[in-house]
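Participant: Protein chains in written order, with numbering that gives the first Met the number 0: chain W, 0 to 331; chain B, 0 to 248; chain F, 0 to 225.
Be aware that one or more of the hints could be misleading.
Stated by the list, open to error - If you anchor each label on the Cβ, the simulated ranges turn out as follows: (1) Asp133(B) <-> Phe97(W): 17 to 27 Å; (2) Pro68(B) <-> Gly202(W): 22 to 32 Å; (3) Asp216(B) <-> Ser146(F): 40 to 50 Å.
To be verified - Residues of chain F placed beyond 12 Å of chain B at every Cβ, according to the derived structure: (4) Pro116; (5) Val132; (6) Met137; (7) Ile142; (8) Met144; (9) Ala159; (10) Ala161; (11) Thr162; (12) Ala166; (13) Arg177.
Since the hints were made in silico from the structure, they are not lab data.
Remember, predicted model here, so these are calculated numbers, not experimental data.
Ideal Cβ placement from N, Cα and C applies to all residues, glycine included.
For reference, the chains in residue letters:
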Amino acid sequence: MHIPDGFINGATSLGAGVVAAGGLGAALRQGNRALQDRQVPLAGLVAAFVFALQMLNFPVAAGTSGHLLGGALAAVLLGPWMGVVVVSVVVIVQALLFADGGISALGLNMLNISLLTALIGWGAFRLSMAVLPKRNASVVGASFGAAWLSVLASSLGFVAEYALGGTGQAPIGTVLGAMTGVHSLIGIGEGLITGAIVAAVLGVRPDLVYGAKKYELAASRRLMPGRAAVGGFVTLGLMVAVGLVVFVAPLANSNPDGLERVAADQGFIGTAEDSVSGDSPLADYGVAGVKSDRTGTVVAGLIGVLVVFAAGTGILLAARRKRTRPAPRPGP
Amino acid sequence: MSVPALEVRNLSFGYPDGTPVLHAVDFHVHPGERVALLGPNGAGKTTLVLHLNAIFQPSAGSVTVAGLPATDENVHEIRRRTGLVFQDPDDQLFMPTVRQDVAFGPANFGVTGPELDDRVRDALQAVGMLDVADRPPHHLSLGQRRRVAVATVLAMQPEILVLDEPSSNLDPASRHELAHILEALDITMFMVTHDLPYALELCERSLVMNNGRIVADGPTSVILGDRELMRANRLELPYGFDPSLVQPH
Amino acid sequence: MLLYVLAVVATPREAFWAFGVHAVLVGGAVAVARIPAGFLLRRLLVLIPFVLFAVFLPFFGGGARTDVLGLSVSVEGLWGAWTILAKATLGVTASIVMAATTEVPDILLGLDRLRAPRLITAIAGFMVRYLDVVLGEMHRMRIAMLSRGYDPRWIWQGRALATSAGALFIRSYERGERVYQAMVARGYEGQMPVLSSVPTRSGSWVRALAIPSIAWAVAVAAMLAA
């Protein structure tokens, strides 16, 4: 689901285009030290692989489905620069040849789908690996977390772009809450798929996992991270999402001059004035009984995130239970 | 005595982890000859072939193509002289159209403009694929792709054409068409193959390789008729095929 | 095509007439290309999430409000909805026209002519060339799985799916290495060689720039009039 033309105004699109082009150029040059000419066909092949993967949809909630972005996966498998290049090519080809994503929005889409995912995913991966024990299972777990974060980063990028130049001013807080909620869930899917694929590759050809090369990994047969690790990541993610909703959403929900009003307030929660859109049917994003619309959005966002995470964790736990159930013994 | 098209002297090679693969391989091929390389799986045939165009460098011994030693300085020219056709055409046809694929080789050696167009046309004509020149490779059948792969190499005007399992996976009609085309080419040929009738049909001389060593070198019909030799090297004649009944060309 | 899209995006939203002209232009292109309506409409479906967003905008938007059909909607939201629908639809239609009429190699050639970075077009070329191959392998893996009774529907059943995705990556990677070997075997030394000797005819440039020129003229006129 890539941004079409006309959604974000020209100035923001152009700005994003400049950033994206710069980022891609830097990735190409940086990668040129590691990206010897042998990696040109390789990048093309992996791009085909990512494209093929992106065609798989998975259901995340009643009626909605997400698909893999692949930026974090590309970064862990090929390194951040190659990852950026590969996914960027996928996005470009999708826009030009498959009419997926507006041409004028190419910079925005590249920024969201390749630059933000690959770079933030890589950063998160390295940070995680720095604190985790150096084992194969950690690489898998770190990939999961990195992928989840990358999806969130991508959606935040979209929100920021919308805030800067979106058409039709939907309240940013609403957009933020909605995007964060849905993408937290999609991110879990991306995380699971990314982690599983990294585990699969580690099992057969560990030399192909760029992210693992930096560490002297103890050879271990155990490729999947333990329950504690997964729980840790989920909690971390939850905290990040909650923090975003509580602290950033109210800031964004006001008009530009309203920002000064927020700053002048005693705190973020509670204000006597209703915002202008108080009457509108914001039932989905507001909570009955809460006086201030701003508070309502925050609380609603919080509830949304919590529900999403409960669902996600429930799914994860169910998956664990299925896998740890002993296999039926073969007959005599 | 004319310069051999290919001269392999005492070639030995082992993988970085120490696994030995080729032992003192020694043979030469004269211009215009057609030689088949036979042997069981794992004998080292493909590894040997990758030495012929300097993708691998030997640990000991040498490779010389039409008088030019395959050392690091000569790598570029060696790759023009040894035209290697890989087993999987999909690995080898990597450009968006057939025409661009065939042009890729000579273009890397400085051929441009109308001369490049001529080379492409001649190469495609030699394999009978001129009418598909502007199609993408994945729209072609396997037999067609094999032939185009041969054209991509012919366009470089090599000294010797090296083919790795050219008839594998081809249906009988395509196999026959390819044999026809290879027959008509006026070029030195070195063919790795499991397809013993193919070897007999196209190559008057054969080498047998086993465990990284050359164990036999002689006329194909003689080798295929030597039951002991065949059995010792895991070479089996196809059901009902009697080499002594085949008339040499 | 990029120019046409930029012109559409640049048009100020109040100028309904301008959009009418834009629509005629792209409609003309569709007609000339003889693209069947059903095909076009199916491809336009990709816009649906954004259409939904556009539809909801008037209800959720901030700012001044008016009454339409008895429902209170936001003016900004209405304008936003209109803009998104118009520009996005026109943009996607233009993309579809290009994607449906131009052969992939020609698109890549066009990019090359427009001086896009060589590396990117080269990688894109390989990607497009091997997409069919990779999809084919993926398809065969899926058939193999189904034949052994494995049909995952929910994400936690995806363990074997992920393992085969990993295998697909490895196969794609190894094929990438073999392609590199094949390139090297034909003399590749790091730079993609110049392959084509046919320069673009000036006639093509004129025809290519016709539609975008009109679109830009319209957009500029609308901007000046606003």
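Participant: Evaluate each hint against the coordinates.
Facilitator: Status of each hint after checking the structure:
Taking 17 to 27 Å as the suggested C-beta distance range, the pair aspartate 133(B) and phenylalanine 97(W) conforms, at roughly 22 Å. With their beta carbons about 43 Å apart, proline 68(B) and glycine 202(W) fall outside the hinted range of 22 to 32 Å. Taking 40 to 50 Å as the suggested C-beta distance range, the pair aspartate 216(B) and serine 146(F) conforms, at roughly 46 Å. Non-interface call for proline 116(F) relative to chain B: holds, since the shortest CB-CB distance, roughly 17 Å, exceeds 12 Å.
For valine 132(F), the condition that its CB be more than 12 Å from all CB atoms of chain B is violated, with the nearest at approximately 6 Å. Against chain B, the non-interface label of methionine 137(F) holds: every CB pair exceeds 12 Å, the least being about 15 Å. Every CB of chain B is more than 12 Å from the CB of isoleucine 142(F) (nearest about 19 Å), matching its label as outside the interface. With a least beta-carbon separation of about 23 Å from chain B, methionine 144(F) lies farther than 12 Å from that chain, consistent with its non-interface assignment.
Once the 12 Å rule is applied to beta carbons, alanine 159(F) is consistent with being away from chain B; the minimum gap is 26 Å. For alanine 161(F), the non-interface assignment is confirmed: its Cβ lies about 25 Å from the closest Cβ of chain B, beyond the 12 Å cut-off. Distance to chain B confirms threonine 162(F) as a non-interface residue, since its nearest Cβ pair spans about 24 Å, more than 12 Å. No beta-carbon of chain B is positioned within 12 Å of the beta-carbon of alanine 166(F); the least distance is around 17 Å.
Distance check for arginine 177(F) against chain B: the nearest CB is about 4 Å away, which does not clear 12 Å, and the non-interface claim fails.
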